[in-house]
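Enquirer: Protein chains in written order, with this note's numbering: chain Z, 139 to 290; chain G, 139 to 290.
Calculated from the structure, these hints are not laboratory results.
Be aware that a few hints might be false.
Copies of the same chain are indistinguishable here, so a pair counts whether it falls within one copy or spans any two.
[Stated by the list, open to error] Keeping only pairs whose Cα atoms sit at most 20 Å apart, straight-line, the calculated EDC-like set for lysine to aspartate or glutamate is: (1) 278 x 268; (2) 278 x 223; (3) 278 x 251; (4) 157 x 223; (5) 157 x 205; (6) 157 x 167; (7) 278 x 227.
From a predicted model like this one, the values you see are computed outputs, not experimental measurements.
Now for the letters of each chain:
2 protein chains.
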Amino acid sequence: MEAPSPSVLQIARLGMVVKRGFGQAMADETWAQDAGLRPGCFGVLRAISTAGSPPSQRELSESLGMDPSDVVGLVDVLEHAGYVERQRDPGDRRRYALTLTPAGIRAHDRFLEVAETVADSVFGALDGPERAELDRVLAKLLQAHEPPPPGS
Amino acid sequence: MEAPSPSVLQIARLGMVVKRGFGQAMADETWAQDAGLRPGCFGVLRAISTAGSPPSQRELSESLGMDPSDVVGLVDVLEHAGYVERQRDPGDRRRYALTLTPAGIRAHDRFLEVAETVADSVFGALDGPERAELDRVLAKLLQAHEPPPPGS
DNA sequence: TGGAATCGTTGGGACTTCCCACGATAGGGT
DNA sequence: ACCCTATCGTGGGAAGTCCCAACGATTCCA
Numbered sequence: 139m140e141a142p143s144p145s146v147l148q149i150a151r152l153g154m155v156v157k158r159g160f161g162q163a164m165a166d167e168t169w170a171q172d173a174g175l176r177p178g179c180f181g182v183l184r185a186i187s188t189a190g191s192p193p194s195q196r197e198l199s200e201s202l203g204m205d206p207s208d209v210v211g212l213v214d215v216l217e218h219a220g221y222v223e224r225q226r227d228p229g230d231r232r233r234y235a236l237t238l239t240p241a242g243i244r245a246h247d248r249f250l251e252v253a254e255t256v257a258d259s260v261f262g263a264l265d266g267p268e269r270a271e272l273d274r275v276l277a278k279l280l281q282a283h284e285p286p287p288p289g290s
Numbered sequence: 139m140e141a142p143s144p145s146v147l148q149i150a151r152l153g154m155v156v157k158r159g160f161g162q163a164m165a166d167e168t169w170a171q172d173a174g175l176r177p178g179c180f181g182v183l184r185a186i187s188t189a190g191s192p193p194s195q196r197e198l199s200e201s202l203g204m205d206p207s208d209v210v211g212l213v214d215v216l217e218h219a220g221y222v223e224r225q226r227d228p229g230d231r232r233r234y235a236l237t238l239t240p241a242g243i244r245a246h247d248r249f250l251e252v253a254e255t256v257a258d259s260v261f262g263a264l265d266g267p268e269r270a271e272l273d274r275v276l277a278k279l280l281q282a283h284e285p286p287p288p289g290s
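Go ahead and model the full structure; you've got the sequences and the hints to work with.
Expert: This is the structure:
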């Protein structure tokens, strides 16, 4: 039976390919290496950048699908590198309001370039429409697995 | 920037979702738990099953995109569970010829069921054509990144 | 026959992921 | 005003994964 069930393996496998490619591409970026940036830092930078208002670390952890305790170290690195700032939310002093510094925005842009290089390498076998369709489907799947936080 | 490059993040992210979902689904399968099967064992089982002739561990490692040293432990578990057999290749006594036992075939089938359940959970938001197209594109991408052994 | 290459294996280091528990702060009910 | 509960960020540790560097055994090539 040629059931399409192993597609879960393909996804997991492709995820590893991307992860490896990204890690390898990052090894060439001396500026990131010097700042001590870890792979997960890109996700944090991107999540802060795309968030409507300065997010808290918990919102980040939900938006990234990772444990809050793991976000701490990532933000630590980024703050120490001068890319993000932790400001106490005046409305709720338990939370932080995370913002990107100008240097953080530049770092994010450079990250995007690297990501695009990796994407070209990974998706090179796809033509334009295929790639657009893949993008759309992936976004749909992630959105289905991550109920967006309403106005709360 | 023309294309939304962060699709690489989506892939990696979705890979984690699958991995988690699979691990969680496997936690309910007592037979696998009792046999001490690890997540990677499914990939090994599937690789042996889909290989044309009994593969060596090195062929497995290439086909799975993992390090040969990590295949050892996986095959150890599977052999100890009575699912695969290590037979020396008479033509090259350095290699093993890995074969599935009848119990291994049954285990593989049960694995497939679990995988299908996970797939339904992950791809639930997609309709038939979308899912088929995703399958096709993923296979295309993996094939581009892993030239298959022609001697089958 | 001797040297180089390959296969399986061992060991270990660096890293990620996940879970539990703690102080600090906030909210809700009486 | 008080407790009780919940949430946020944080620390620590267990388990797992990925990757590399070696080593005996075996094979291949000159």
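Enquirer: It remains to establish, for every hint, whether it holds in the given structure.
Expert: Against the structure, the hints:
1. With identical chains, the CA atoms of residue 278 and residue 268 are at most 20 Å apart both within one copy (15 Å) and between copies (11 Å).
2. For the homomeric pair residue 278 and residue 223, neither the shortest alpha-carbon distance inside one copy (31 Å) nor that between copies (42 Å) is at most 20 Å.
3. Neither within a single protomer nor between protomers do residue 278 and residue 251 lie at most 20 Å apart by alpha-carbon distance, with minima of 24 Å and 24 Å respectively.
4. In this assembly of identical chains, the alpha carbons of residue 157 and residue 223 never lie at most 20 Å apart, being 27 Å within a copy and 33 Å across copies at closest.
5. Within a single copy, residue 157 and residue 205 get their C-alpha atoms as close as 19 Å, and across copies as close as 15 Å, so both meet the 20 Å cut-off.
6. Proximity of residue 157 to residue 167 under the C-alpha cut-off of 20 Å is restricted to the intra-copy arrangement: shortest distance 16 Å within a copy versus 29 Å between copies.
7. When the C-alpha separation of residue 278 and residue 227 is checked against a cutoff of 20 Å, the pair qualifies neither within a copy, at 32 Å, nor between copies, at 47 Å.
Violation of the numbered hints given earlier is confined to hints 2, 3, 4, 7; the remaining hints are satisfied by the structure.
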